[in-house]
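K.L.:
Using the sequences provided together with the hints, build the complete structure.
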Amino acid sequence: MTTYSSLALRGLAAGGIAGAASALVQLLVTEIPLRAALAVEQAREPAGDGHAHSHGEEEVVSRGVQVVGGMLGVVIVGLAVGLVFATAYALSKRWFTERTPFSRSFALGAAVFGAVALLPWLKYPANPPAVGDPETVDHRTALYLGVVVAGLAIVWGASLLADRLRAQSQPVRVTGVLLAVVAAVAVVLMAFPAPPDTIPADVPVAVLWQFRLSSLAQLATLYVGLGVVFGLLVDPATRRARAGRVAGSPA
Amino acid sequence: MTSPAASLSAVRVPKWAFAVSLLGLIVTYLVLQENGLALGASSELLHEFFHDGRHALGVPCH
Chain A
134 MTTYSSLALR GLAAGGIAGA ASALVQLLVT EIPLRAALAV EQAREPAGDG
184 HAHSHGEEEV VSRGVQVVGG MLGVVIVGLA VGLVFATAYA LSKRWFTERT
234 PFSRSFALGA AVFGAVALLP WLKYPANPPA VGDPETVDHR TALYLGVVVA
284 GLAIVWGASL LADRLRAQSQ PVRVTGVLLA VVAAVAVVLM AFPAPPDTIP
334 ADVPVAVLWQ FRLSSLAQLA TLYVGLGVVF GLLVDPATRR ARAGRVAGSP
384 A
Chain E
246 MTSPAASLSA VRVPKWAFAV SLLGLIVTYL VLQENGLALG ASSELLHEFF
296 HDGRHALGVP CH
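Chains as they are written, first to last, in the working numbering: chain A, 134 to 384; chain E, 246 to 307.
Since the hints were derived computationally from the structure, they do not count as laboratory data.
Where a beta carbon is used, it is the ideal one built from N, C-alpha and C, also for glycine.
Some hints here could point you the wrong way.
As the list claims (entries may be wrong) - Over 10 angstroms on every C-beta distance to chain E, these chain A residues come out as not near it, computed from the model:
{"no.": "1", "residue": "R177"}
{"no.": "2", "residue": "A243"}
{"no.": "3", "residue": "G290"}
{"no.": "4", "residue": "A291"}
{"no.": "5", "residue": "Q301"}
{"no.": "6", "residue": "V305"}
{"no.": "7", "residue": "V320"}
{"no.": "8", "residue": "M323"}
{"no.": "9", "residue": "A324"}
{"no.": "10", "residue": "I332"}
{"no.": "11", "residue": "A334"}
{"no.": "12", "residue": "V336"}
{"no.": "13", "residue": "R375"}
Said to hold, decoys possible - Interface residues of chain A toward chain E, partial, derived using beta-carbon atoms under 8 angstroms:
{"no.": "14", "residue": "V200"}
{"no.": "15", "residue": "V214"}
{"no.": "16", "residue": "T220"}
{"no.": "17", "residue": "V361"}
To be verified - Here are some, though not all, of the chain A residues that point toward chain E, as calculated from beta-carbon distances under 10 angstroms:
{"no.": "18", "residue": "A154"}
{"no.": "19", "residue": "A169"}
{"no.": "20", "residue": "G203"}
P.N.:
Written out as structure tokens, the structure reads:
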């Protein structure tokens, strides 16, 4: 018998594991363009306007602490998102109900990745340090959250539509849902204003794109990883297969 | 709302589940988006501590 608390604990575990994997991608991949961007930021300092972070004061937190703290932050976000994910999974009564728990979790993870990571990434791509006017941060945060909410609404609407088209054949249903999602994504991408900040000329294009792709890789590791690990933890088939292998192995 | 196959996922979701999810969202907000709205001055420290993670996960940082 599955209870909500057992799902929530597995959500925490899956979120912690996916968050740790994402933090590892950060350490090994994202930190490389991030360091390059910080070097660009540092090169500006003698010119006058100071370090964008410390607002002219001395550094609050050292670089080493920022690297570790950033990784810790990703793990904490993983744990928190894992809890929310488990609740969404428990509530998703019409989400691929005929599939196995693993494929339901995997599909939910992929959909969450599309809604809260890929869609905002397409509209407002991740920026390294040295890009971004502190004056516009509240405006940019509001736009970013708006796209996240719109993305979640699209996923919600797609599941409603799939349910509504239940009487149709599977090819018709899939095509209908796909068309509606593409149209909704196009509307969101056109309706939201362009990113307010320009990219400063001293930020190399290669660094910018390496950073953006690293960020996307990290987001995919976090959200798709969460769906996969949660699926492994909730699907009884995982344990059955392992039990069978252990029983069948020589003593 | 309920589909015929709903019995497959017959997990009773208690009320406190929503409090737990809200907590998850608040923690995510504090780590990724806090710019001084909720915590005031101490958010500066939080901001700098989680700095690399915020950039890496693509949220607007500064």
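K.L.:
Each hint should be assessed against the structure and marked as holding or not.
P.N.:
Hint check:
| no. | hint | in the structure |
| --- | --- | --- |
| 1 | R177 | holds, 14 angstroms |
| 2 | A243 | holds, 17 angstroms |
| 3 | G290 | holds, 14 angstroms |
| 4 | A291 | holds, 15 angstroms |
| 5 | Q301 | holds, 14 angstroms |
| 6 | V305 | holds, 18 angstroms |
| 7 | V320 | holds, 22 angstroms |
| 8 | M323 | holds, 20 angstroms |
| 9 | A324 | holds, 19 angstroms |
| 10 | I332 | holds, 14 angstroms |
| 11 | A334 | holds, 19 angstroms |
| 12 | V336 | holds, 13 angstroms |
| 13 | R375 | holds, 23 angstroms |
| 14 | V200 | holds, 6 angstroms |
| 15 | V214 | holds, 6 angstroms |
| 16 | T220 | holds, 4 angstroms |
| 17 | V361 | violated, 19 angstroms |
| 18 | A154 | violated, 13 angstroms |
| 19 | A169 | violated, 12 angstroms |
| 20 | G203 | holds, 3 angstroms |
In summary, the numbered hints that this structure violates are 17, 18 and 19.
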